[in-house]
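**Student:** Fit chain B to the known structure of chain A by using the hints.
If you want the building blocks of each chain, they are given just below.
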Amino acid sequence: MNCNEVQNRLSEYVEKTLDAETLKSVDDHLGFCSRCRAEAENLARTVQLVAALPKTQPPVGFTTRVMARVREVEAHASFWQRLLLPFRNTIPLQATAVVLIGILAVYMYQKEQPEKKEPLAHQNDSLPQQAEERAVPPAPPLPASPESKAGVGREAPVHDTKPQTARRQQKPSEMLRDSNEQARPAPPPPSSSPAIAGEERGGGERPKAADQLGAGVGQLQSSELAKERALRSAAPTAARSQIAAPNYDLVLRLREQQALSGQVGALREQQEADRTRAPQKSGGLIARYLPGIPRSDRPETLWLNIPQTDYDQFKKELATLGIIESERQIATRDKETTSKPDEPLRIRLTVLPARDAGQQAPAVQP
Amino acid sequence: MSEGISDSECVQRLQQGETDAFELLVRRHQTTIFNLIYRMLGDYDEAAEIAQEAFLSAYKSIGQFRGEANFSTWLYRIALNHANTRRNSIAGWRQRTVPLDGDHVDERIVDPALLVEQREIQHQVQIALNSLPSDDASIIVLKDIQDVPYEQMATMLNLPVGTVKSRLHRARQALKAKLAPFFSGDGKQP
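Chains as they are written, first to last, in our numbering: chain A, 1 to 366; chain B, 367 to 556.
For reference, chain A alone in the conformation it holds in the complex (with noise of 0.2 Å):
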């Protein structure tokens, strides 16, 4: 062994740990080498000093003092190490902080998803209303019928199989005017209700009236549903405001079938006389306004817009077709005020066909 390796086991040879035969290599060395026997030497004394040092007391009450501090402590822990004193030296702090964190997680998760369910459920809740309004949406003021006074809001009338029973309690006039409204702005499609007015009044049934009264019916059924959409997509006021309330309301009950066809055949020949001349004030106005030849056999709702300065002329050629059983003014216009002395007015005329012998119903002088 060399210097360097036998000093690097002088600590060992001072314990008198080496093995056997490193000890007699280490001995042999020092045997003959000055040097590494003076730093073993050395190095052994240095040991010694260290080690005889004595072993110093610690001062008197240090294990007194030491327990006063840990009682300090002790009375001092706050209350989540009281809680958990039983377990802090069992459950680590960090765990359980951590599982108190997720055991929170966990419960904030749960709370928002009832708040986030809880639109959605009011939402599902409210598809249903939503879908019940648009297929059935709020009647109109009705007056009170069994049918009418069941499910209101969710029974459309459209539904009610008896309209005429509703019907029946209307006026015909409001009927007509509730049956043509909603058919705004095209003309109304013939009302069913002064068939209806007309078999009460008339008693008999035709068959043809019989097939446009059950034409009428539905016509009537689909005037109502047209109505009640117009009204459901819009306010009550604006629905109304959309369908141009009429001026004049009229109803005309045509003379009889023999009587009429004089009246027919000079009024086609009018109408003929128009189309190559202009038209003249009197006896003309009626070819002039008229889209048409009223027919006899069955009620025929017509709207008209006639000028101002021609509607008693027309009134007056009216009352050669038939008599004109009613003339109600509904909208009032003053002539003196308005911007538009030219504006024609607004008729509705109802034509009924003529009466059976023995029936009379009061005239309205032109």
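Take these hints with a grain of salt, some might be off.
Facing chain A, according to a computed beta carbon distance under 8 Å, are these residues of chain B, among others [what the hints assert, rightly or not]:
id: 1; residue: Thr385
id: 2; residue: Val392
id: 3; residue: Arg393
id: 4; residue: Thr397
id: 5; residue: Phe400
id: 6; residue: Arg405
id: 7; residue: Lys426
id: 8; residue: Ile487
id: 9; residue: Asp510
id: 10; residue: Lys531
id: 11; residue: Leu534
id: 12; residue: Arg538
id: 13; residue: Lys542
id: 14; residue: Leu545
Restricting the straight-line Cα-Cα distance to at most 27 Å, the calculated cross-link-like pairs of lysine-lysine (DSS-like) are [stated by the list, open to error]:
id: 15; chain 1: B; residue 1: Lys544; chain 2: B; residue 2: Lys531
id: 16; chain 1: B; residue 1: Lys544; chain 2: A; residue 2: Lys16
id: 17; chain 1: B; residue 1: Lys531; chain 2: A; residue 2: Lys16
id: 18; chain 1: A; residue 1: Lys55; chain 2: B; residue 2: Lys544
id: 19; chain 1: A; residue 1: Lys16; chain 2: A; residue 2: Lys55
id: 20; chain 1: B; residue 1: Lys531; chain 2: A; residue 2: Lys24
id: 21; chain 1: A; residue 1: Lys55; chain 2: B; residue 2: Lys531
Just so you know, these hints were derived from the structure itself, not from any lab.
Just so it is clear, CB atoms sit at the ideal spot from N, CA and C, and this is done for glycine as well.
**Tutor:** Just chain B now, with coordinates in the frame of chain A:
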């Protein structure tokens, strides 16, 4: 509480909330721990203060003791950490003077001259220890003063046994160099 209770049983009781079990542990290990810290610091009063802190730290962290090592090994580590923290917190520690504690010499020495010489030697050795880096001082105190086995030192310092031996030899060589004036050129004792 009976003195025959082992350290592990005391620790178990302490972990279950019996604070009195810690007093037994303090009484059993106070001299060793105090002496370790005293030789690391070289000042009696400072050693007393740091030793209290070390025991208090052991009490507070008793829940972290898993029983994988001896309680004494675990306590040694706490004490060394406190001592080294104290050494490293004071600038110029390695050059500071060490008070001569005459009351703590070997009472078996009756010759006054020898007693004075002995005190002077101890003083110089303490000064030499203080001048060493904390790691060197720690390993010398543990081995040459506390006579801690190499295996326990390895566990305490978290080092292999071979590394502990080589570091100890290097520390001893350093201390020997500081004590060279006390050695004659021919190796004779001062």
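**Student:** Now, for every hint given, state plainly whether the structure supports it.
**Tutor:** Going through the hints against the structure:
1. The criterion of a C-beta within 8 Å of any C-beta in chain A is met by Thr385 (chain B), whose closest approach is roughly 6 Å, and the hint holds.
2. Of the supplied interface hints, the one on Val392 (chain B) holds, with its beta-carbon coming within about 5 Å of a beta-carbon of chain A, less than 8 Å.
3. Checking Arg393 (chain B) against chain A by beta carbon gives a least distance of about 5 Å; that is within 8 Å, so the hint holds.
4. Taken as an interface hint, Thr397 (chain B) checks out: its beta carbon lies about 6 Å from the nearest beta carbon of chain A, inside 8 Å.
5. Given the 8 Å rule on beta carbons, the hint for Phe400 (chain B) holds: about 4 Å separates it from the nearest Cβ of chain A.
6. Interface restraint check: Arg405 (chain B) against chain A, minimum CB-CB distance 6 Å, threshold 8 Å, status holds.
7. Checking Lys426 (chain B) against chain A: minimum C-beta separation of about 7 Å stays under 8 Å; hint holds.
8. The criterion of a C-beta within 8 Å of any C-beta in chain A is met by Ile487 (chain B), whose closest approach is roughly 7 Å, and the hint holds.
9. Against a cut-off of 8 Å between C-beta atoms, the interface hint on Asp510 (chain B) holds, since the closest Cβ of chain A lies about 4 Å away.
10. The restraint placing Lys531 (chain B) at the interface with chain A holds, with a minimum CB-CB distance near 7 Å, inside the 8 Å limit.
11. The beta carbon of Leu534 (chain B) is positioned within 8 Å of a beta carbon in chain A (closest approach about 6 Å), and the interface hint is therefore held.
12. Here the hint on Arg538 (chain B) is kept, as its CB sits about 6 Å from the closest CB of chain A, short of 8 Å.
13. Interface restraint check for Lys542 (chain B): the shortest CB-CB distance to chain A comes to about 4 Å, inside 8 Å, so the restraint holds.
14. A distance limit of 8 Å between C-beta atoms decides the matter here; for Leu545 (chain B) the minimum to chain A is near 6 Å, and the interface restraint holds.
15. Taking the CA atoms of Lys544 (chain B) and Lys531 (chain B), the gap is near 20 Å; set against the 27 Å cutoff, the hint holds.
16. For the given pair, Lys544 (chain B) sits about 24 Å from Lys16 (chain A) by alpha-carbon distance, which is consistent with the 27 Å threshold.
17. Between Lys531 (chain B) and Lys16 (chain A) the CA atoms are separated by roughly 13 Å; this keeps the pair inside 27 Å, and the hint holds.
18. Annotation: proposed proximity of Lys55 (chain A) to Lys544 (chain B) holds, straight-line Cα distance about 22 Å (limit 27 Å).
19. Taking the CA atoms of Lys16 (chain A) and Lys55 (chain A), the gap is about 24 Å. The hint holds against a cut of 27 Å.
20. Straight-line distance between C-alpha atoms of Lys531 (chain B) and Lys24 (chain A) comes to about 20 Å, which keeps the hinted pair within the 27 Å bound.
21. Straight-line distance between C-alpha atoms of Lys55 (chain A) and Lys531 (chain B) comes to about 24 Å, which keeps the hinted pair within the 27 Å bound.
Every hint from the earlier list agrees with this structure, and none is contradicted.
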